[in-house]
Amino acid sequence: MKVKIKSWRGVAVWKWIANDDNCGICRNGFDGCCPDCKMPGDECPLVWGQCSHCFHIHCIMKWLNSQNVHQLCPMCRQEWKFKE
Amino acid sequence: MIKLFSLKNQKKDGEQGSIRAGNPKRASAAQLRITKDINELTLPKTCNIDFADPDDLLNFKLIISPDEGFYKGGKFVFSFKVSSNYPHEPPKVKCETMVYHPNIDLEGNVCLNILREDWKPVLTINSIVYGLQYLFLEPNPEDPLNKEAAEVLQNNRRLFEQNVRKAMLGGVVGNTYFERCLK
Chain A
1 MKVKIKSWRG
11 VAVWKWIAND
21 DNCGICRNGF
31 DGCCPDCKMP
41 GDECPLVWGQ
51 CSHCFHIHCI
61 MKWLNSQNVH
71 QLCPMCRQEW
81 KFKE
Chain X
1 MIKLFSLKNQ
11 KKDGEQGSIR
21 AGNPKRASAA
31 QLRITKDINE
41 LTLPKTCNID
51 FADPDDLLNF
61 KLIISPDEGF
71 YKGGKFVFSF
81 KVSSNYPHEP
91 PKVKCETMVY
101 HPNIDLEGNV
111 CLNILREDWK
121 PVLTINSIVY
131 GLQYLFLEPN
141 PEDPLNKEAA
151 EVLQNNRRLF
161 EQNVRKAMLG
171 GVVGNTYFER
181 CLK
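As you go down the protein sequences, you meet chains A and X in turn. The first sequence begins at 1 in UniProt numbering and counts up one residue at a time. The second sequence begins at 1 in UniProt numbering and counts up one residue at a time.
If you are wondering where the hints come from, they were derived from the structure by calculation, not from laboratory data. Misleading hints may appear alongside valid ones.
[Unchecked claim] Dumping the calculated SDA-like pairs for lysine to any residue here, alpha-carbon to alpha-carbon at most 20 angstroms:
id : chain 1 : residue 1 : chain 2 : residue 2
1  : A       : Lys62     : X       : Glu89
2  : A       : Lys38     : X       : Ala27
3  : A       : Lys62     : X       : Ser84
4  : A       : Lys62     : X       : Arg116
5  : X       : Lys120    : A       : Gln78
6  : X       : Lys81     : X       : Arg116
7  : X       : Lys183    : X       : Gln162
8  : X       : Lys120    : A       : Met75
9  : A       : Lys81     : X       : Val122
10 : X       : Lys120    : A       : Leu72
11 : X       : Lys120    : A       : Glu79
12 : X       : Lys81     : X       : Leu123
13 : X       : Lys75     : X       : Glu179
14 : X       : Lys36     : A       : Phe30
15 : A       : Lys38     : X       : Gln31
16 : X       : Lys120    : A       : Gly29
Could you build the full structure based on these sequences and the hints that come with them?
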């Protein structure tokens, strides 16, 4: 039997690969966005620290900017450094 | 003297009024986050939470009734005020019950590390509840807010225990009158 494909439609799903389901700061899902954004995805990305903890970029930046002496990971209190 | 007092009170009333007026209700990030905190709250059996206005999750009271330790049988009310910057700022917590305690002063200010320098935004209301409960089980004489109580705790635990009882029954300890707060 021969099948001739006349047309096709691609469907894709995307998902962040993180070691947790929720952002520890805003408690929203990583599949959702931070409370200041409307759409999940590239506009509200995740970032990882070298300590391996992960947050919405907007959540962790707000926290780091409010700390004037040491910038520590809110999870483990190690110095926060962005993972390359 | 009396005149001065009434002036001071008037000023206080005025301040409170303006805070209320400038606080319109909006579904803010703080409200979303506190809703999650409250939904996931697992209170120990010694604690109760009370919302004066069920639509306002940002202001509530926590009632702790320790079932062991120095403060067993007492009932202590804490007020929580969650700011619009929560969880980037800790809630403002005050003890509304006058208590003889090394880490709580007579104005109700509470010395708990996670309410100040050690606050971080991954902590929740639950973390604070457990922190406060711990203060009643293990009062900490180092870094005190009530220095007299701390000194007594450090030098004479027996006397400290008696003072706590006396204060909870309603009585004078040092130069201070404590209202009865036994259940």
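ask   = Given the hinted pair A:Lys62 and X:Glu89, is their alpha-carbon gap at most 20 angstroms?
value = Distance ~11 angstroms between A:Lys62 and X:Glu89 Cα, so the pair holds.
task = Take the C-alpha atoms of A:Lys81 and X:Val122, compute the straight-line distance between them, and say whether it is at most 20 angstroms.
result = 18 angstroms, holds
request  = Below or equal to 20 angstroms on CA atoms is what counts here, so check A:Lys62 against X:Arg116.
outcome  = Holds, because 18 angstroms separates the two Cα atoms, which is no more than 20 angstroms.
key: Given hint X:Ala27 paired with A:Lys38 - CA-CA distance at most 20 angstroms   = 14 angstroms, holds
task = Given the hint that X:Lys120 pairs with A:Leu72, test it: the Cα-Cα distance must not exceed 20 angstroms.
result = 9 angstroms, holds
ask   = Given the hinted pair X:Lys120 and A:Glu79, is their alpha-carbon gap at most 20 angstroms?
value = 13 angstroms, holds
request  = Compare the distance between the alpha carbons of X:Lys36 and A:Phe30 with 20 angstroms, and conclude whether the hinted pair is satisfied.
outcome  = Holds. X:Lys36 to A:Phe30 sits at ~15 angstroms (cutoff 20 angstroms).
query = Has the given pair, X:Lys81 with X:Leu123, been kept, meaning a C-alpha gap of at most 20 angstroms?
reply = 16 angstroms, holds
ask   = Straight-line Cα separation of X:Lys183 and X:Gln162 no greater than 20 angstroms?
value = 18 angstroms, holds
query = Taking only the CA atoms, is the gap from X:Lys75 to X:Glu179 under or equal to 20 angstroms?
reply = 11 angstroms, holds
request  = Assess, step by step, whether the Cα of A:Lys62 is no farther than 20 angstroms from the Cα of X:Ser84, and give holds or violated.
outcome  = 14 angstroms, holds
query = Given the hinted pair X:Lys120 and A:Gln78, is their alpha-carbon gap at most 20 angstroms?
reply = 12 angstroms, holds
Checked against the numbered hints given earlier, the structure satisfies every one of them.
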